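Take the sequence shown: its position 367, counted from the start at 1, is 367 in UniProt numbering, and no numbers get skipped.
No wet-lab data here; the hints were simulated from the structure. There could be a bad hint or two in this list.
[Claimed, not checked] DSSO-like cross-link-like pairs, simulated, lysine-lysine; straight-line CA separation at most 30 Å: (1) 498 with 286; (2) 519 with 8; (3) 316 with 288; (4) 8 with 165; (5) 182 with 8; (6) 516 with 220; (7) 220 with 597; (8) 173 with 134; (9) 182 with 102; (10) 457 with 308; (11) 275 with 220; (12) 360 with 455; (13) 350 with 455; (14) 575 with 637; (15) 96 with 202; (16) 490 with 457; (17) 757 with 767; (18) 328 with 490; (19) 641 with 661; (20) 19 with 261; (21) 165 with 328; (22) 457 with 486; (23) 328 with 102; (24) 172 with 182; (25) 592 with 220; (26) 519 with 275; (27) 96 with 165; (28) 220 with 19; (29) 308 with 211; (30) 575 with 220; (31) 641 with 575; (32) 173 with 308; (33) 156 with 8; (34) 173 with 220; (35) 8 with 261; (36) 679 with 715; (37) 286 with 360; (38) 637 with 757.
Owing to the predicted nature of the structure, the values given are computational and were not obtained by experimental measurement.
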Amino acid sequence: MSLTKGVKGQMILKIDLAKAYDRINWKFLESTLQAAGLPDDFVKLVMACVTTVRFQVLWNGGCTEPFQPTRGLRQGCPLSPYLFTLCIERLNHCIKDSVDRKAWRPITLSKDGPALTHLFFADDLVLFAEADLKQGEEVLTCLNRFCEASGEQVSKDKSCVFFSKNTMESVKKRISDMLGIKQTNNLGRYLGVPVIHGRVSKDTYKFILEKIDQRLSGWKARSLSLAGRVTLATSVLNALPNYVMQTAVLPVSVCDTIDRKVRAFIWGAEDGASKTHLVNWETICKPKELGGLGMRSARALNLSYIMKLGWAFLNKSEELWIRVLQGKYFKVNDAGALVMKKSNHSRLWKGIVDTWPILKQQVVWDIREGHNVQFWMDPWLAEGTILSEHIIGNGEGINWHATVAEMVTIEGEWKWEDLAPHLTQNLLALIAGTDPPRPGLGEDITAWGMEPDGKFKLRSAYSAAVEWLSDEEWETEEANNHHHWKRLWKWAGPNRIKHFLWLVFHDRLMTNAQRKRRKLTTDDTCPMCRNGPETTEHIMRHCSGSIQVWHRLGIQETTLTCGLGFADWFDEHLKRDQEGLLFGVAAWYLWKRRNEKVFHNLTQEDQVLAQRIGCWTSTIRQAQENDTASHKEATRKTTQKLAWSPPPQDWMCVNTDGSEKQPGSEAAGGGIIRDWMGKCMGAFVENLGVCTITRAEIMAAIRGLQMAWKNGYRKVLLQLDSTTAINILTSQDQIEHRYHNLVLQFQRLLQQNWEVKISHIYREGNKVADFLANKGHSASIGFHIFESADPGLNFWILYDVLGITQNRLI
């Protein structure tokens, strides 16, 4: 708006209502509730809640006599925000009425953009209008009418008006004088976020840094353990900039400063004094299961929030802010790239354009009818695979622009004869595990490829942003080899010791060897035994004093552990059920003893130290046992004998199951139809190609019902052992997940002229279906009727007929 050209100027009024809640007129509130069409009894009840309030004032150390107010809404009451919103809606109606009469002329930021008249959020009001005297008078008239009726009052000292660049100075002054509101070249912050008028600098967002400094000034970092500092940094410092980040692109310098302050606090820096950073920031920002502490980089987090806005654009949301930006900037070329980005565009829009390449890499198509997606050129398979990049040979004879729908036969199956010559068996299996498009399912939609349900999640967007910034994936070889991270964070001891053990696994204890590496000393000798350099491995494993403590605790080297590297040796002891807790506590005490020796010249005997370790371990274990006992009491389970039960007479029981050898591999399904005597009336297996176990469970249920309908059965009991599949198939919510097509198929089956009941059965009662699902792996891709004479099948059918039970804790 600051760059607006043309004859007609524009203005923005930022209105502050003085004591907005306290001034609401009760009669105005009552008429508002009645105008909203609420029942009279409800209106009376609400007004009774509002008007029967009593106040006392604390005066000179004592309370005054209670008194009753005559207007206002009590702040802190959960009902008040809703009532105030209804009241402020009356101003909205007043403005709309003025617009309808063409007395109030709204502004537009682009030719195709929506008209803007006002933005309201509780008592934060922003008004838009053309900049001339008549418009100023109309704005003032609307405000006065509302204030007269409601009891509100505009605080003119705190309100301001901003004019576009093309407004004449004389017009600005006359409008400002008439309104009694001062002019401004900077609207400041609205809802806590700066309203940007020009170049953005570090000073624009210095208030975020000041908030962080204010929090840090009240904390004594040196009085907290590493675990305590990490907890505060994660829950407080990391969260402070989040609100602004959701709608603003912070300068890189601001993000780096935020990270620097958080990093310094984690390592104990205080009052400007620096401390040694034992582990680099990139590692700290990794998830805990990959060796980090789960901290978030400010820049990557900001990018992920902007990606969320880009995702809203991609899905054509109808929110006002999107329609404004779409009308002014949004254009997409044939390659799906945002092509509009100029120097005078808003900083937010530039951020959305800059994050578009990251966003586009993670977008896949969720196939419905298949008419909008190109089979070979678009990412519509799992993990965003683009088939044109994996062709065997030169691709002769391929119609590169064929849609997904065009690669399906009339019967609804993939055209395997057109696919087999050009694709590997792995890709063919991946296609087989994807449901073909079907008529009547609606337009194809975009899905977030990093989540199984296709919905955008900030967590996975953050991962994508980190990889984009660092040009490397988190799943590095080092992270994959360090399988002990998950076990470390599940270790049963206190959090402060877990963080110490985290440093041990990273070999980042400040030993003399580490100090020498950092040029803090020239002597790396072990202060305890004076025998060799003091490394993390030495102080924990080879130091003579440590060995004596391990012996006294009954923890000794075995043939299994003596040949292991340090990290594996440490992990092997830590993961043991009986000694794991003792081992972790002992490691911590060994390091404490070393520090007492170095810094205070105190020596502790091995026997005394072992006793302290044992005592503290017993205390921790006792606390855990008390907690476990109360948890067990709350979730007590009983052993039940489970077996398959036949259906009622005249009913058929369809048992189905899915099978997956390992996640991401080929899946299969199977099922059986039995009568009330347990006799097999039909069975099937199906090799589904590469797909998820949930899809295999759902497909098996569909195939089972299709077979039952085809065989003429009209009373069917469908039993599955997957609660996930049952919840998806029976959910009444709008279908948005990746199993949309399958759920619609299932629902259409249920709508036919028959009676179907769906129920859950435990795995112990679903042995036959489990057998058939596993058999599906050895079949060729596709659906197959299974021979009822198979010995394995007959064994499990007889198993169920005899009512053989199996125990299960429930």
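Hints, verified against the model:
Distance check on the hinted pair: residue 498 and residue 286 sit about 16 Å apart at the alpha-carbon level, within 30 Å; holds. A distance of roughly 68 Å separates the Cα atoms of residue 519 and residue 8; the hinted pair therefore is violated under the 30 Å criterion. A threshold of 30 Å between alpha carbons decides the hint, and for residue 316 with residue 288 the separation of about 36 Å lies outside it, so the pair is violated. Of the supplied pair hints, the one linking residue 8 and residue 165 holds, its CA atoms being roughly 10 Å apart against a limit of 30 Å.
Distance hint between residue 182 and residue 8 is fulfilled; the C-alpha atoms sit about 21 Å from each other, no more than 30 Å. At most 30 Å may separate the alpha-carbon atoms for a hinted pair to count; residue 516 and residue 220 meet this at roughly 29 Å. Proximity of residue 220 to residue 597 is assessed by CA-CA distance (about 25 Å); at most 30 Å being required, the pair is judged to hold. Taking the CA atoms of residue 173 and residue 134, the gap is near 14 Å; set against the 30 Å cutoff, the hint holds.
For the hint linking residue 182 to residue 102, the alpha-carbon distance of about 26 Å falls within 30 Å, and the restraint holds. In summary, the hint linking residue 457 to residue 308 is supported, as the alpha carbons are separated by about 8 Å, within the 30 Å threshold. Distance restraint check for residue 275 and residue 220: the Cα-Cα separation of roughly 14 Å lies within the 30 Å cut-off, and the hinted pair is therefore satisfied. A hinted pair counts as satisfied when its Cα atoms are at most 30 Å apart, and residue 360 with residue 455 qualifies at roughly 14 Å.
At most 30 Å may separate the alpha-carbon atoms for a hinted pair to count; residue 350 and residue 455 meet this at roughly 24 Å. Proximity of residue 575 to residue 637 is assessed by CA-CA distance (about 27 Å); at most 30 Å being required, the pair is judged to hold. Of the supplied pair hints, the one linking residue 96 and residue 202 is violated, its CA atoms being roughly 39 Å apart against a limit of 30 Å. Taking the CA atoms of residue 490 and residue 457, the gap is near 25 Å; set against the 30 Å cutoff, the hint holds.
The straight-line distance between the Cα atoms of residue 757 and residue 767 is roughly 20 Å, inside the 30 Å bound, and the hint therefore holds. Of the pairs offered as hints, the one joining residue 328 and residue 490 is violated, with about 51 Å between alpha carbons and a cut-off of 30 Å exceeded. Simply put, residue 641 and residue 661 have alpha-carbon atoms about 28 Å apart, close enough for the 30 Å limit, and the pair holds. The suggested pairing of residue 19 with residue 261 is violated, with an alpha-carbon distance near 37 Å, which exceeds 30 Å.
Of the supplied pair hints, the one linking residue 165 and residue 328 holds, its CA atoms being roughly 18 Å apart against a limit of 30 Å. Between the alpha carbons of residue 457 and residue 486 the distance comes to roughly 23 Å, so the proposed pair stays at or under 30 Å and holds. For the given pair, residue 328 sits about 24 Å from residue 102 by alpha-carbon distance, which is consistent with the 30 Å threshold. With a C-alpha separation of about 10 Å, the suggested pairing of residue 172 with residue 182 holds against the 30 Å cut-off.
Taking the CA atoms of residue 592 and residue 220, the gap is near 21 Å; set against the 30 Å cutoff, the hint holds. Between residue 519 and residue 275 the CA atoms are separated by roughly 14 Å; this keeps the pair inside 30 Å, and the hint holds. The suggested pairing of residue 96 with residue 165 holds, with an alpha-carbon distance near 27 Å, which does not exceed 30 Å. Restraint check: the Cα-Cα separation between residue 220 and residue 19 comes to about 38 Å, which exceeds 30 Å; the hinted pair is violated.
A C-alpha spacing of about 25 Å is found between residue 308 and residue 211, which places the hinted pair at or below 30 Å, so the restraint holds. With a C-alpha separation of about 34 Å, the suggested pairing of residue 575 with residue 220 is violated against the 30 Å cut-off. With a CA separation close to 34 Å, the supplied pair residue 641 and residue 575 exceeds the 30 Å bound. The suggested pairing of residue 173 with residue 308 is violated, with an alpha-carbon distance near 41 Å, which exceeds 30 Å.
A distance of roughly 25 Å separates the Cα atoms of residue 156 and residue 8; the hinted pair therefore holds under the 30 Å criterion. Among the hinted pairs, residue 173 with residue 220 is inconsistent with the structure: their alpha-carbon atoms are about 52 Å apart, more than 30 Å. For a cut-off of 30 Å, the pair hint linking residue 8 to residue 261 is broken: about 47 Å separates their Cα positions. Of the pairs offered as hints, the one joining residue 679 and residue 715 holds, with about 16 Å between alpha carbons and a cut-off of 30 Å not exceeded.
Simply put, residue 286 and residue 360 have alpha-carbon atoms about 23 Å apart, close enough for the 30 Å limit, and the pair holds. Between residue 637 and residue 757 the alpha-carbon distance is near 28 Å, which keeps this suggested pair within the 30 Å criterion.
Comparing the model with each numbered hint stated earlier shows that hints 2, 3, 15, 18, 20, 28, 30, 31, 32, 34 and 35 do not hold.
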